[in-house]
Structure formats: C-alpha cells, structure tokens
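These protein sequence lines are chains A and B, in that order.
The opening residue of the first sequence carries number 0 in numbering that gives the first Met the number 0; numbering runs sequentially from there.
The opening residue of the second sequence carries number 0 in numbering that gives the first Met the number 0; numbering runs sequentially from there.
Please note that a few of the clues may not be correct.
Okay, derived cross-link-like pairs now, EDC-like style, lysine to aspartate or glutamate, Cα gap no bigger than 16 Å in a straight line [what the hints assert, rightly or not]:
1) A:K166 to B:E167
2) A:K271 to B:D50
3) B:K155 to B:D50
Label pairs and their calculated CB-CB ranges [said to hold, decoys possible]:
4) B:D140 to A:H233: 23 to 33 Å
5) A:E190 to B:Y192: 55 to 65 Å
6) B:A236 to A:E18: 45 to 55 Å
7) B:F195 to A:G17: 53 to 63 Å
8) A:V197 to B:G53: 24 to 34 Å
9) B:S210 to A:E199: 58 to 68 Å
A few chain A positions that, by computed beta-carbon distances, are all more than 12 Å from chain B [said to hold, decoys possible]:
10) S110
11) D115
12) E199
13) L324
Because the hints were derived from the structure by calculation, they are not lab data.
Note that the coordinates shown come from a computational prediction; the quantities given were computed from them, not determined experimentally.
All residues carry an ideal CB built from backbone N, CA and C; glycine is no exception.
Here is what each chain is made of, one letter per residue.
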Amino acid sequence: MDFKDYRGVWVFIEEKEGEVASVSLELLGAGRILADKRGVELAGILIGENNKHLANTVYEYGADLVYVYDQPIFKNYRTESYMKALLACCEDHKPEIILFGATSTGKDLASAIATDLPTGLTADTTELDVEADTGLLLASRPAFGGNIMATILCKKYRPQMATVRPKVMKALTREIGRTGKLIEKHISLNETDIRTKVLEIVRETTKKVRIDEADIVVAGGKGLGSAEGFQLIHHLADVLGGVVGASRDVVEAGWIEHHHQVGQTGLTVTPKLYFAIGISGAIQHIVGMRNSGTIIAINIDPDAAIFQSCHYGIVGDAFEIVPLLIEEFKNALPRSGVSHV
Amino acid sequence: MLHIVACIKQVPDTKIIKMNPKTNTMDRSSAPAILNPYDAHAVEEAVRIRDRYGGTVSVITMGPPPAVKAIKKCIEIGADEGYMISDRAFAGADTLATSYAITKAIEKISEIKPVDLIICGKMTIDGDTGQVGPGIARRLDIPPLTSVKKVVEVNKEEGYAIVQRKLEDGYEVIQSSLPCLFSVEKTINEVPYSSFPNMLKAALYHPTIWSVNDLNDIDRKQLGLKGSPTIVSKVWAPAKPEGGKILEGHPREQVGQILSVILEKKELFREDA
Ligand SMILES: Cc1cc2nc3c(=O)[nH]c(=O)nc-3n(C[C@H](O)[C@H](O)[C@H](O)COP(=O)(O)OP(=O)(O)OC[C@H]3O[C@@H](n4cnc5c(N)ncnc54)[C@H](O)[C@@H]3O)c2cc1C
Ligand SMILES: Cc1cc2nc3c(=O)[nH]c(=O)nc-3n(C[C@H](O)[C@H](O)[C@H](O)COP(=O)(O)OP(=O)(O)OC[C@H]3O[C@@H](n4cnc5c(N)ncnc54)[C@H](O)[C@@H]3O)c2cc1C
C-alpha cells in the first residue's frame, strides 16, 4: 500500500429532513482543521436522491469539494447501496481520512466500509488530531464505560476512519456564499442488487425535548430521593426556560425517560448553563456534560466528585436551595417570557 | 427449522472497575467478568424467535478459557448449544480481526447445521465500538441490520425477516432476505430470571471449544494483534473540568451569587425569547 496515493480528508454528510445533519456540520469543522494541517482538500460525500442543493451548505461550512451521488436507489439509507457507492468513491479518489457521525447511520455505514476496504475504524471519537508530516490520525475515545480515554492509531492501512460523537466537535461559523467544486458521481446499481427494502419510516411525531440542543439544562440525580422530589428539577427548568436532564440512575429508577439522560450511555450536552443537582459526578456522567459553558453543582455532600467538575458549587440540601433559587429568579426576571409555575 | 447464532462476549464489569491512579491503567483483577449485558438481550431475542418459529439457538464466543462461564450464562437464558474459539493467536484483536475470527467460527458451525440468522448485541461495555456485528455480516456477505428494536417476523420458508430499526428520530420497518444479521438494542426485550431446569442444564454443560487449528482456511495474518489495523497507543484517565469555586455563606447568599452568574448570561434571557 503506497500512502502517497491517498490524499484528502472526507466527511460523510448525513441528511436529516432535507437538510444537512448538525453532526455533519460539526465534522466539517473538525475536518477543516485536519485538512489545513495536512495541506490537503476537505471533501463532503453526499449520497441520496435530489440532494445536490445540499452541497452549498457543505461548502459554506468549510468543504472545498463535494462528491455527490444523486440516484433514486439512494432515496432511503440502506447499508448495501450506500456502502457500494462509498466504496466506489474511495477506489476512485483514495482519501487518507474519512469521518462519520457516530449516529445509527454513520456507525452502520462506517463499520461496513471498514471491513470491505479493509482498514481500521476508531469508534465514538471525542478528540481528533493529525500529525502534519506523516498524516497519522490521532483519534481518542472513551472506553470501559468512560473510565478511560484511549488514543487509537491506524499506522499501516489507508484510509484512516473514525466515527465521531455528535456535539463534541465545533462547526465553523457559516460563511455565506463560500463555494467549492461539485463532482457528480454515478454507480450502476439495480434494486435487485440490494437485499433489503425499507417498508416504512415512522418519525416519532411527539416533539421530544432535545437536551443536546438546549442552552440551559437543569439536571437532577438520585439525590432528589423520589419521582416526586424530582419534580423540583422540572420547576427550576421551567422558570429558567431550560430543559430537564438526568443521571442514568434516575432514568433507571423510571423518574424520567431515557432521552433526558446525560452521559456516556446518554447524550452529550453543551449548553451555556448546566445545573447538576443531587448528582454525585460519576465519570460516565461527567463525560456527557463537561464541555458545558458554566456548570453549577448543588450537592449535600462536600466530598461529592461533582465539585471537582463544576465552575460553581453549593454544598447544601437541594430541597432548601432550589426553592430559594426559583423564588429569587422569579423576582429577578418578572417579565421573562418563560412560563412560571 | 431456524438455526440462530448469537454472538456473545465476556467482559469486565465496568461498574466495578477501578483505575490505578498512579499508572492510569485498569485494575482488571478488581472487576469480575460477566456476560456483556447487551448480549444477554441478543441471546434472549434468539430464544424468543426460536420459541415462536421452532429451531435451535447456538452461541459463539471468542475469548480466554474462563469465558466458558459466559456461555453457561447463555444456556441459563435458554440457548441450546455453545461454541468457543480460544487461542493465543486471537489475542489483541481489534474489531476487524475479531469479526474475521468469529466469521470463521460461524462458517464451521454452519457445516454442522446451516445458519439462518445471526444476532449480536448493540455493543460491549468494554470496547463498546458496536463494530463487530456489521463486520461479521460483511464478511459473510449477508445484510447487516443494526439498531434493531423489534423483530416483526422471521419467515424461513419465504426467506425473509422484517424488523424495526431505531433511528435518531423514530424508526424504520425494514425487510431483508435471510440469512442476515441483527444487532439488537437492549430495549428489545427483558431478560427474565433463569429457570431451574436451565440452570441445571448450564451447570452440566460443556461447550465445544476450538483452537485456531480447528478452523478451516484460516489466514493467520488476519488474526489477533497482527491482523489488527488499529493500535491503542495511549491510555489515560479522562480530564475533568477544573474543580470549581465552592460558594460560601448562608443559603440565601449562595443563591444570590448563583443568580448573578445566571443573569450575567443575558443572551439566555432575551425578552423575545
Ligand atoms: C457503562 C456505564 C455507563 C453509564 N452511563 C451513564 C450515563 O450515561 N449517565 C449517568 O449519569 N450515569 C451513567 N452511569 C452510571 C454512573 O456510574 C453513576 O452510577 C450515576 O451517574 C449516578 O447517578 P446519581 O449521581 O444520580 O446518583 P448517586 O451516585 O446515588 O448520587 C446522588 C447524589 O445526591 C447527593 N444528595 C443526596 N441527597 C441530596 C439532597 N437532599 N440535596 C442535594 N444532594 C443530595 C448525594 O450526596 C450524592 O452525591 C453509567 C455507568 C456505567 C457502568
Ligand atoms: C481502550 C480500547 C479501545 C478500543 N477501541 C477500538 C476502536 O476504536 N476500534 C477497534 O476496531 N477496536 C477497538 N478496540 C478493540 C476492541 O474492543 C476489540 O476488538 C473487541 O474484541 C471487539 O470490539 P468490542 O468489544 O467493541 O465489540 P462490539 O463491536 O461493541 O460488540 C458488538 C457485538 O459483537 C459481538 N462480539 C464482540 N466481541 C465478541 C467476541 N469476542 N466474541 C463473540 N462475539 C463478540 C457481541 O454480540 C457484541 O455485543 C479497543 C480496545 C480497547 C481496550
């Protein structure tokens, strides 16, 4: 394998309801840094139907070029069809690095491609860097339930591949009007070549709270004592106009649904303001919220680990502190647009 | 009759695992080995499909000799047969080399009885990549169906399966030809307590154990550390944010300080918000 033949950083672009998924924008930001360090081009890979217009967004967030497959067979994501297109593209243009979002689709596609190429694939990366001279990708990730971080290298194979967790990389500021090169691709593929069929797609219409998109997250833990006690978290979130987050133990106790869980096996959040109330600060929780703007912890135990991971801490009883906070905040912001309870 | 193979792994219980703060390495001896919790759901789903349509459930694991315990746990859940591949040659495998070795073992199991369906867990709790299942499917050249949250139908006569696959914002219903591979979400089922007859069976059960020499047409270059493109180059304890400022004073004073921190962030509370 001659590494000199492999050039450029690629990002697989995921589409969500006709737009570029936010994780792909984040990866373009991360990819731009890698490409600049290497002095190579950053490309987006678009696979779908009637998707060419998305290329503009991809340029505006940092790509120099876009490879696009626009064919009816790509209407819905299916491992086999997307895989064949991406493998063909790799064969034609030989990238040195490919990044995917660590989403259902990104993980599925990346695992299939890596096996066929074959090459190494680093899972759930949270930190990325590249050695400017050798092009070696340094991909770091949590493992063992978040207890350790590991840097994974792929020295002897190309391309180097990684799936990257949503919300940990930063998208560049959109540069309106920035353009690039569109390279249209085509692959001859028949429906009979594909062994799966999408019979139906069900979008869960009930608008779920998106804790990973909120500016304020008020998270509660087992320290609230019971499902009733946990209502205090809802009240504070309401007056602040924030959303409710939770530790895993709270979710497992059934006080709130899983899509509120912050952490290793929940969601990564990056709000401007994060409250951790009655949360001990286990590492699996910390990895999901440590990049928040300002972290405020309230815990009755002065030795709680959460105080090692916050910007401001109050040692005290949530049932005393939080009602005071609600009261004071209501007074301070009498005309805030948020609903009061 | 269906022949379902569930892939399982024995893992250290990360709930109990301790880090050595001096060396930043894991103290593996502190962690008891358990059946990967996600794989218990894979085995349970295989058992449910078998009970619905008839057939056999085999489990396969690659691991060191003590991993026999994880197989016995699967017999308790209701699996019929257990196979293990165990050899120094497999050590240090990443997901590419792991999927290669397990695929070779599944090919050998297929010689005993052709395999219709393979079920994996969503991921493990130690490596937690979720890459091994899709890797096995690609190597066997069968469709991988990841994030399966419900099995709707498995129809061996007509040669297809229908499942619900979880998406970020809902799910899709997908039909695949058989054989195929599912990797299943843990919400797919609940694993009940073991029944007494199954516990008894497990206690007396001896799985089939193969070494690398028992596998056919094996390319040793693709096994273990040698066959692994990824290298773990550095391991460290994750950084935490700097310890924060503990606010002094009476609760009201503390709350007052918090309030000024919050109100400083004006962008959060625009009037038109
Ligand atoms: C593989 C794996 C993955 C995991 N993934 C996650 C994850 O994604 N997210 C997650 O959160 N956890 C996760 N965990 C679990 C994690 O290890 C902890 O068990 C969990 O975060 C603890 O939840 P907690 O802080 O709510 O509860 P506890 O640890 O029980 O802490 C409760 C805290 O409340 C305080 N308290 C008690 N009463 C009061 C009061 N009146 N006022 C104020 N404070 C009070 C106590 O001092 C204590 O610090 C995972 C674990 C494993 C092994
Ligand atoms: C700190 C650390 C980080 C790592 N990071 C990476 C990485 O980024 N990329 C990489 O390629 N490798 C990585 N590895 C190696 C990886 O953990 C091993 O290859 C492991 O054997 C398989 O991957 P997994 O545990 O992630 O399995 P997963 O892919 O998460 O497992 C999915 C399913 O596959 C089946 N399965 C997995 N292993 C076995 C087995 N031994 N026997 C039978 N069935 C099995 C089970 O059904 C399981 O539920 C890492 C290892 C360590 C220690």
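Structure versus earlier hints - violations, ascending order: 2, 4, 5, 6, 9, 10, 11, 12 and 13
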